[in-house]
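Sequence positions in the sequence shown follow our numbering and run 113 to 264.
Bear in mind the hints are in silico, worked out from the structure with no lab data behind them. These figures come from a predicted structure and were not determined experimentally. Ideal Cβ positions, reconstructed from N, Cα and C, are used throughout, including at glycine. Just to be clear, a hint being listed does not mean it is correct.
[What the hints assert, rightly or not] Here are the in silico distance ranges between beta carbons for each label pair:
hint	residue 1	residue 2	range
1	Asp120	Tyr165	29 to 39 Å
2	Ala184	Gly250	33 to 43 Å
3	Pro142	Asp167	37 to 47 Å
4	Arg206	Gly250	14 to 24 Å
5	Arg141	Gly250	43 to 53 Å
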Amino acid sequence: MPDTEPSDDLIALTQAPIDAPSIVRRLVRPPVGAVATFEGVVRDNLRGRRTRYLDYEAYAPMALRMLRRVAAEARAKHPDLDRLALIHRLGRLRVSETSVLVVATAPHRATAFEACRFGIDRIKTLVPIWKREYFEDGDVWVEGVRPMLDPP
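Modelling step: build the complete structure from the supplied sequences, incorporating the hints.
Written as structure tokens, this is what we have:
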């Protein structure tokens, strides 16, 4: 599971299921008055095609570096942010499993909401994590650039 960063943020890539309630419990402490969470879960369809499962891949050293960058950007944008968790799951995920978790804690709700939204939006645009969606009739790379290590 995630390592604690110097700022007490939790930044991680994991093959294990993400346990959002336990992550929230790790982040909350007395000065916190607000917790905002975003949990991305695997849906059962893409553009009318029934999803069987997803595979997430990443270039882990770069993905972790970019997750740390997202955390630093969130802190620069929201100085009163208390703690932040940015956790993405890799490997095979079934429908309804959590693929990504963003948790922001702060003294007040506005900061928590804004930092949480900022975190997921930046993860989607910046972090090199690729999603391959499998259907009953084939598969497709959904977002980002297809990894170069995968043969055509």
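Range hint 29 to 39 Å: satisfied by the CB atoms of Asp120 and Tyr165? holds, 34 Å
Quick check on a hinted range of 14 to 24 Å for Arg206 and Gly250, using CB atoms only. holds, 18 Å
Can you tell me whether the CB distance of Arg141 to Gly250 sits inside 43 to 53 Å? holds, 48 Å
Does the Cβ-Cβ separation between Ala184 and Gly250 fall within 33 to 43 Å? holds, 39 Å
Has the hinted range 37 to 47 Å been met by the Cβ atoms of Pro142 and Asp167? With a Cβ separation near 41 Å, Pro142 and Asp167 satisfy 37 to 47 Å, so the hint holds.
Violation of the numbered hints given earlier is absent; every hint is satisfied by the structure.
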